[in-house]
Amino acid sequence: MAATLPSVICDDSIIEGDIIVGSANVVSPKCSITVAKPGSRIVIGDGNVFEENVKIVHSGDGEMKIGDNNIFQVGCVFEGLSIGSGSTIEAGANVLGTARIGSNCVLGAKCTTSTALPDNTVVFGTAHIRRVQTRSNRLQANLHARHLEYLREVLPKYHHMRSD
Amino acid sequence: MSLSPAPSSTAAWAEAARIPVPFVYYQCPCRNLRASQGDVLSFDSLTQPPQGADILTLFPLPRLYFCQECARMCCPLCVAEEIACYYCPNCLFEVPTASVKAERNRCGRNCFECPVCENTLSVVSMVEPTPLAGAGGAGPAAIPASPGGSSSNNTHYLTCGACRWDSLEVGLQFERPTGLASQLQPHEDARKDAIEFENLRQHFEKFLKSKDANGPTPASHVGAGGLLRGLSGGGLNLPPSLLATIPGLASFASMSRRSSTLRAIRAEHKLEAYSSSVDLLKADDADRESAVVLSTSVTSLQQRLHQPNDHAVHKTALYPQRIQLRTKRSKRCRKCDHIVVKPEHKAQSTRFSIKMMASNHVPSITLAHPFPDKLEWDVPVRVIVRFTNPLDVPIQVALATAQSTIGTATADRTSQDLQNEPEEGNCQITLLAPNFVVDAARDIWDYDDDAATPAATLPVAVHQKARNFCCVYVQVTPKRPGSRQPSSEPARFVVETIKFSMLVHVQPLGHEQTSSTEVPGPEETAGTAAKPDKKAAGPLSCWVVIGLGDLIP
Ligand SMILES: [Zn+2]
Ligand SMILES: [Zn+2]
Ligand SMILES: [Zn+2]
Ligand SMILES: [Zn+2]
Chain A
1 MAATLPSVIC DDSIIEGDII VGSANVVSPK CSITVAKPGS RIVIGDGNVF
51 EENVKIVHSG DGEMKIGDNN IFQVGCVFEG LSIGSGSTIE AGANVLGTAR
101 IGSNCVLGAK CTTSTALPDN TVVFGTAHIR RVQTRSNRLQ ANLHARHLEY
151 LREVLPKYHH MRSD
Chain B
1 MSLSPAPSST AAWAEAARIP VPFVYYQCPC RNLRASQGDV LSFDSLTQPP
51 QGADILTLFP LPRLYFCQEC ARMCCPLCVA EEIACYYCPN CLFEVPTASV
101 KAERNRCGRN CFECPVCENT LSVVSMVEPT PLAGAGGAGP AAIPASPGGS
151 SSNNTHYLTC GACRWDSLEV GLQFERPTGL ASQLQPHEDA RKDAIEFENL
201 RQHFEKFLKS KDANGPTPAS HVGAGGLLRG LSGGGLNLPP SLLATIPGLA
251 SFASMSRRSS TLRAIRAEHK LEAYSSSVDL LKADDADRES AVVLSTSVTS
301 LQQRLHQPND HAVHKTALYP QRIQLRTKRS KRCRKCDHIV VKPEHKAQST
351 RFSIKMMASN HVPSITLAHP FPDKLEWDVP VRVIVRFTNP LDVPIQVALA
401 TAQSTIGTAT ADRTSQDLQN EPEEGNCQIT LLAPNFVVDA ARDIWDYDDD
451 AATPAATLPV AVHQKARNFC CVYVQVTPKR PGSRQPSSEP ARFVVETIKF
501 SMLVHVQPLG HEQTSSTEVP GPEETAGTAA KPDKKAAGPL SCWVVIGLGD
551 LIP
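Sequence order for the protein chains is A and B. Positions 1 to 164 (UniProt numbering) are the ones given, in order, by the first sequence. Positions 1 to 553 (UniProt numbering) are the ones given, in order, by the second sequence.
Worth flagging that the hints you see were computed from the coordinates, not collected in a lab. Computed from a prediction, not measured in an experiment: that's the story for all the values here. Think of the CB as a built atom: it goes at the ideal place given N, C-alpha and C, for glycine as much as any other residue. Any given hint might turn out to be false.
Restraint-style ranges between C-beta atoms, simulated for each label pair [claimed, not checked]:
no., chain 1, residue 1, chain 2, residue 2, range
1, A, Leu143, B, Lys209, 54 to 62 Å
2, A, His147, B, Asp193, 48 to 56 Å
3, B, Asp337, A, Leu143, 40 to 48 Å
4, B, Arg326, A, Thr126, 50 to 58 Å
Far from chain B by the CB rule (all over 12 Å, computed), these chain A residues [claimed, not checked]:
no., residue
5, Ile14
6, Ile19
7, Val21
8, Val57
9, Glu63
10, Ser82
11, Arg100
12, Gly102
13, Asn104
14, Gly108
15, Ser114
16, Gln133
17, Thr134
18, Arg135
19, His159
Given only the sequences and the hints, what does the whole structure look like? Please build it.
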């Protein structure tokens, strides 16, 4: 259902460089998605949510790959190499240069990682403890779909959208 | 209260308990109360400055209470606490005292904490709401389907928002989303450790009952719980139900009775051997060992401590714990039994019906700017100490130091003697303004903005005087203590906290003596009369320890 919808990108966000955006993504105001080097690019899949003040920075070579249905919560910074699908980067979290994030991962609020997170990893707490979650992301997918739907409906009421 | 002999040197004092500098700590007068065993707190009983071990009687002003009956400060050590109510911090349900014990001090409703990370768990339902049904009311026919489906065959489980643990991991799910603790009760009672505990209890209770029936407790035996036994069994004859309403007391009373019974009859009967009907956790010792070797499936110490009934070793045995109850407490002065703090009973309320804080009765003493640039040995610096008056009458403050209160004895001492005197601290103090008046506190809009007394008219050594505060100079000269034992000291790295003690005597002045600034208007006197709770107390004196900073000897 989501595949046919265009992405909702607020005008008040920065999108710079060679970036391929899939369908049904939501980019909130004050977000920045930037590619630093010429020749590098970011490939974004479908149905991702980028909340306010999120920074996605690709400063290396080659391609940064962002899968489907991920949530980047308020104020997080993502500089990693790739992220799978259905993962959550919580508020204020940091994904540093060399990290690859798997699918169905959760990087907890204010947590940092510079190493890879295998699929289903949860990082939480002040000590950045890791554990493997057993929960299927089926329920979460449903919630995510409704989240997307809501944002797609509400954001254009209060913000200018990019027309392209 | 001196728990140990006072350390003989200031270095030991500094090491005994280091309070982060800078600080201003007050000494509770209860030390002197206990020492003299008298009821009257006189100025004389306060002339000893706090010494090494007295660090335990020093408190910052916000932690002190005030007893109006005794006109003294009370510290957390000299108030008696009573539990006013038990409540759950999550659902704020107030648990009746009688059922606290039965619920094992934990919330008996819907509140659980995560066994992995101690966060509060939330209840979610398994059957997902129909996708996109309610989004903006746009979905047409989808709405009636979801509630009908959920009531019949829906199940619920607990989930943690932080670490994503959920109770399905341990195969735990619920039919209804409410009253989870009672739904869980049969399951909890069926646990091996619970059964074993219950068996043991029955075993001992049966034994003790038969002994009780054999004969009355010998009256000659007075154990630790003698008084309680007297209360429950003897003259007063309190019903056991009343005792049972006081958690701890009931078990204490019955324990003391049992122990004495046990001792009396030990000669006649032996306790029959107990054989466990449950094959407990012994079997999995090897299992446990292998788990520890593998180490990823083993719980952390913290997690084990949070699961007190079986101290789960395997992560798979982690089990959601009901949230522990909290208490609200009222506090009484130990000397006169008057209440100094009494919270409102309702769990939701954060107010207090009685709250006598020392900060409303005792001038607050702080270090004021500008702070000396740096502290150096044998270099005098001037420190500004600010006294703020919380009372609605002016106060007369008199300061003294250990040297001046000892009196003539200090006068003919040489500097060598001073160094040998441990109580002198590590600095020399000169009080430049030993006596001054601090004006009364008023509502903030009653102050004139430019009412600060001009510098020219200030008394000697008073730095600033405005509103309800007064800043005075104290001259401090750090004295190197290392010269005492020059050979042994340099081996260790010791930081000396430069601190001094000061005796503060506060005398509230009547309204008629509001001399220096302006005469209070009629509406102001009416205002002060309207709050009699803040009435002027009698004179008050206490020792204050002020820490300035650290120096390496
Ligand atoms: Zn005390
Ligand atoms: Zn509760
Ligand atoms: Zn948790
Ligand atoms: Zn009292």
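Hints the structure violates: just list their numbers, smallest first.
2, 3, 4, 13, 14, 16, 17, 18
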